[in-house]
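Asker: Protein sequences, first through last, are from chains D and A. Anchor point for the first sequence: position 166 equals 166 in this note's numbering, and the numbering is continuous, going up by one each time. Anchor point for the second sequence: position 60 equals 60 in this note's numbering, and the numbering is continuous, going up by one each time.
Calculated directly from the structure, the hints in this document are not laboratory data. A couple of the hints might just be wrong.
[Claimed, not checked] Lysine-lysine pairs mimicking DSS-like chemistry, simulated, CA-CA at most 27 Å apart:
{"hint": "1", "chain 1": "A", "residue 1": "Lys112", "chain 2": "A", "residue 2": "Lys125"}
{"hint": "2", "chain 1": "A", "residue 1": "Lys109", "chain 2": "D", "residue 2": "Lys198"}
{"hint": "3", "chain 1": "A", "residue 1": "Lys112", "chain 2": "D", "residue 2": "Lys198"}
{"hint": "4", "chain 1": "A", "residue 1": "Lys125", "chain 2": "D", "residue 2": "Lys198"}
{"hint": "5", "chain 1": "A", "residue 1": "Lys125", "chain 2": "A", "residue 2": "Lys295"}
{"hint": "6", "chain 1": "D", "residue 1": "Lys198", "chain 2": "A", "residue 2": "Lys295"}
{"hint": "7", "chain 1": "A", "residue 1": "Lys295", "chain 2": "A", "residue 2": "Lys109"}
{"hint": "8", "chain 1": "A", "residue 1": "Lys112", "chain 2": "A", "residue 2": "Lys295"}
Quick caveat, the model's predicted, so the values are computed rather than measured.
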Amino acid sequence: MAAPKPKAPDRMIPIVRKHHALVRLAHWANVPLLFGLIATGLAIYWAAPVFTHAPDPVTGSRDYLADLGFALARVFGDRDSAPSQWVYNHFSLGTGQLAGALRLHWLLAYVFMVNGVLYVVGLIAGGGWRALLPRPSDLPDALAMIRYYLGVVPHAITRRPWPHPPVRSKYNALQRGAYFTMPLVGALVVLSGWAMHKPAQLGWLERLFVNYDGARIVHFGCMLVLGSFVVPHVLLVIADGFDTFRSMITGWSLRVKGAGHE
Amino acid sequence: MSKRPARPKGPSLLERLAERPESMEPMADGRIRAQSRRDFLLFGLGAAVAAAGAWWLLPDRTKARILPWAHDRLDTLAARVGLSGSNRERFLNGALSFDDDVAEALYSKDRKVRTYARSETTPLKPNYHGQAPLPEALADWSLELSGLASGRTERLTLASLAALGLPRREQVTRLICVEGWSAVAHWGGYAFADVLGAFPPAEGTRWAALRSDVSRDAQGRPEPYFVSLDLATAQHPQTLLATHLGGAPLPLAHGAPLRLVAPVKLGLKNIKAITQIVFQAEEPRDYWNLRGYSKYDGL
Numbered sequence: 001m002a003a004p005k006p007k008a009p010d011r012m013i014p015i016v017r018k019h020h021a022l023v024r025l026a027h028w029a030n031v032p033l034l035f036g037l038i039a040t041g042l043a044i045y046w047a048a049p050v051f052t053h054a055p056d057p058v059t060g061s062r063d064y065l066a067d068l069g070f071a072l073a074r075v076f077g078d079r080d081s082a083p084s085q086w087v088y089n090h091f092s093l094g095t096g097q098l099a100g101a102l103r104l105h106w107l108l109a110y111v112f113m114v115n116g117v118l119y120v121v122g123l124i125a126g127g128g129w130r131a132l133l134p135r136p137s138d139l140p141d142a143l144a145m146i147r148y149y150l151g152v153v154p155h156a157i158t159r160r161p162w163p164h165p166p167v168r169s170k171y172n173a174l175q176r177g178a179y180f181t182m183p184l185v186g187a188l189v190v191l192s193g194w195a196m197h198k199p200a201q202l203g204w205l206e207r208l209f210v211n212y213d214g215a216r217i218v219h220f221g222c223m224l225v226l227g228s229f230v231v232p233h234v235l236l237v238i239a240d241g242f243d244t245f246r247s248m249i250t251g252w253s254l255r256v257k258g259a260g261h262e
Numbered sequence: 001m002s003k004r005p006a007r008p009k010g011p012s013l014l015e016r017l018a019e020r021p022e023s024m025e026p027m028a029d030g031r032i033r034a035q036s037r038r039d040f041l042l043f044g045l046g047a048a049v050a051a052a053g054a055w056w057l058l059p060d061r062t063k064a065r066i067l068p069w070a071h072d073r074l075d076t077l078a079a080r081v082g083l084s085g086s087n088r089e090r091f092l093n094g095a096l097s098f099d100d101d102v103a104e105a106l107y108s109k110d111r112k113v114r115t116y117a118r119s120e121t122t123p124l125k126p127n128y129h130g131q132a133p134l135p136e137a138l139a140d141w142s143l144e145l146s147g148l149a150s151g152r153t154e155r156l157t158l159a160s161l162a163a164l165g166l167p168r169r170e171q172v173t174r175l176i177c178v179e180g181w182s183a184v185a186h187w188g189g190y191a192f193a194d195v196l197g198a199f200p201p202a203e204g205t206r207w208a209a210l211r212s213d214v215s216r217d218a219q220g221r222p223e224p225y226f227v228s229l230d231l232a233t234a235q236h237p238q239t240l241l242a243t244h245l246g247g248a249p250l251p252l253a254h255g256a257p258l259r260l261v262a263p264v265k266l267g268l269k270n271i272k273a274i275t276q277i278v279f280q281a282e283e284p285r286d287y288w289n290l291r292g293y294s295k296y297d298g299l
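Next up, chain A with everything else stripped away, as it sits in the complex (with noise of 0.2 Å):
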């Protein structure tokens, strides 16, 4: 390489940054008119393509409303050229899934979520999906555990958890709601990693279906519910079965007697009063996916 002459003076950074004089050019009359009509129809058909796009990615009931007397027959119309209803579900999962797969890309499973003082927990809304569990539901809890190493299937109250000797785990991680809000929360329990080398599951599993059947909807009717939880964040150092809410037992808003605290995944991921969790090879049904939210729900 061969050496740079010192300059004595160049250019001060705010020349170098300066705005350059705008250069005029000259240009054909013809040109003009032929390139001006070129872009102004690209722009249409631009704005044309955007509305299309607008119409068929909104959803049915945004359009009965914007549109109440043309929103069937622009529907049919769209749907003569590809842009149908189902198209759209595809299309919209597909991107829901391509947003998952980013959030299984960021997700480091040595990475550990923020941690709290005690002092500085918030008051945590207890939004079960329907009506809490009726206690006399709870009366007889187990939780079931299957698809294991051992071929069994165990059943665990809270008295044969405790008997396991496990290491009791404390933690205040925020909790966030695929609606918006958080809360800080005290939790204490079993880390999910400790009941799985209690009870490892069968080879090949790579997906824990964890599932409520004492749950009910917001008429109180029984209605189960049920999460996809991928092995990774099961065993997360912070993933819990959690037992305990502010040192005390889990009020049954709160899901008592035993429910997931997996500060890596949305609320909705952290399921109530678990009666049973089945390990598996194939990706379980979600409650919510079923409903059009994501799957993987990852932080």
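For reference, chain D alone in the conformation it holds in the complex (with noise of 0.2 Å):
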């Protein structure tokens, strides 16, 4: 038997743990949940919107999501030739589906809500939960980011220097108001899901958001901000760079204070 290689001692490399294990699990558990709940969510709220209007004389519509589909269709095209269902037939599971999507939408949504758990035990069990709570300097800390993102592009292309407002904590405070916001529309979404899954029983709920179609419409909005709050999420994360992306898989960071955005 050959002796083992001799082998150089590992190098040390510093780093900084950031997301608990939970959590990891949890935010990217968020990805498809939230895709199929939107989707077979939009596929029953086909069945009769709630956002409506008197019948349009040309086109005979009364919902909102198939005049947008009727916009849309001219833009992208219609392979369909339903210009009325194309919201539907893009980001739904598809019209006339209202058992399979009732059925699907809501085990996603048991899962969803032990998921929601289990991100919360995580923000408990390793401490992330401080780096969410608001804080006295938020508001024109907020701001500054703002104006930051604002003045990127044109810096970059009059190629003058536009330093990051310096952070001291874990996220800035735009990062930080979307991250401690985000759970609390999850819980609000859950509520109002409930509060029209079982009106009767949790008739108490119900009145929590005056009536039936308010909870529909509070649960409809909360989709809204959970949907659109991906699209900056996801742009942002790409801008800062592999680390960060890395971080919400590995749990730790290399990069360490100072050398960030300081």
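Hints are included, so try docking the two chains, each in its own frame, into the full complex.
Answerer: Rendered as structure tokens:
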């Protein structure tokens, strides 16, 4: 037997622990869950839209999402030749699938609730909740971040320096606001969902949303907030670089304080 | 217990909630690589499982839409590892039963649904699952009750029901459709519980099978409609065998001459133009459950 090759002693590299394993698990599980919940939710919504108006004299449409479909079909084309159903055909399971959509929506909703609990447990176990709490300096800091983001492109074009505002916490004020709000919106989407699902047994919950349609409107609004959070979230992670993406998979970052935005 | 010494000044609330500075720790280069590799492999595995699961759970029509050229081959592949259509149905129906069990656990027989003032009624869609019955089909209408403790089969008309002297009930409640719309309506009629009192069901009864033989499908052909109703719901104080809507006798579109109003259930359980009620021990079939919907439908 050949003697093992003498191994060079491992270099020690400083890392910073970022996200608890449960937070990472719940974070990624939210991707297919929200995707599925929105796709099935819109298929349910199709059966009886809550945002309606008097029938359009030309299209006969009463549904604002159908109106949006007409507009989108003009821009992107429509291979189904059913412009009123464009939104449902592209963002949901499709039309006329209420029974299947309901079954899937409830299944995913139960998993989503369990996932939300795992996320909170992970935040507590890892102490991550501290980094999410709003603080008195958030408003001016958030304005500074907005000012920074608005200036990034013009300064890049004119090749003038545009320093990132100093951030001494895990997240900047805008991130913190978003990451603090999302779990609350998640809780609200679950509560409004239960208010719709069991308005008789959970009558107090239905009243919390004024009435049945109130719960539907809040539920839809939460969906829009959760869905539209994804776009800047993904863009900013791409802009921030691989280390940020990796930290949500492995849990640690090689970006030690001082090397980042400071 | 020892008495705690009074502290003159502890950390303030803000200080206690404050973010801790991120702590740096050294990690061996090799361990960083190994853990990184492991976590990325797990991430990829999770993504693959999620993709396979999503494909499995999607309705066939949606799959045919998304991948018209490959959905058959992918389904064959999925079925080989057990992700078949029949297994999917079993799994999803299991999830539906779980939700039904949750609904039943939440149900309390004494809990009443919210009632409204008569001025708060809203327009009620006549959502017959097909077309409303023809008036001639209702000319010799009667309600047949069987599965009774007396062992007899009773035939009731509106007149013989009225002759029982049961108290008339009026209530303004919300009818909620599985589609998502709802309407507040003013109903009048008899409490189902009072009818049960007049005609006690046989011992061991757990279910009522309600049926309308005068129903028609969307093309106007005869198509019986039938729902299952658990006895607890039938006995709920707000469950009516209604004869009136908005103070007037039920119109054809809303279930003349007698319909079920069970505000603790979705609208689809609120069967119109009932012609037969059978009390039984076994759970009856349910029209919409056969079409993929829940069979409990408790609100």
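Asker: For the pair supplied as a hint, lysine 109 (chain A) and lysine 198 (chain D), confirm whether the alpha-carbon distance does not exceed 27 Å.
Answerer: Holds - the C-alpha atoms of lysine 198 (chain D) and lysine 109 (chain A) are around 14 Å apart, at most 27 Å.
Asker: CA of lysine 125 (chain A) to CA of lysine 198 (chain D), is that 27 Å or under?
Answerer: Between lysine 125 (chain A) and lysine 198 (chain D) the Cα gap is close to 21 Å, so the pair holds against 27 Å.
Asker: Check whether the Cα positions of lysine 112 (chain A) and lysine 125 (chain A) lie no farther apart than 27 Å.
Answerer: 24 Å, holds
Asker: Taken at face value, is the distance from the CA of lysine 295 (chain A) to the CA of lysine 198 (chain D) at most 27 Å?
Answerer: 15 Å, holds
Asker: Check whether the Cα positions of lysine 295 (chain A) and lysine 109 (chain A) lie no farther apart than 27 Å.
Answerer: Holds, at roughly 18 Å.
Asker: Starting from lysine 112 (chain A), check that the Cα of lysine 295 (chain A) is at most 27 Å away, please.
Answerer: 21 Å, holds
Asker: Holds or violated: are the alpha carbons of lysine 112 (chain A) and lysine 198 (chain D) at most 27 Å from each other?
Answerer: 13 Å, holds
Asker: Has the given pair, lysine 125 (chain A) with lysine 295 (chain A), been kept, meaning a C-alpha gap of at most 27 Å?
Answerer: Roughly 22 Å separates the two Cα atoms, so the pair holds.
Of the numbered hints stated above, none is contradicted by the structure.
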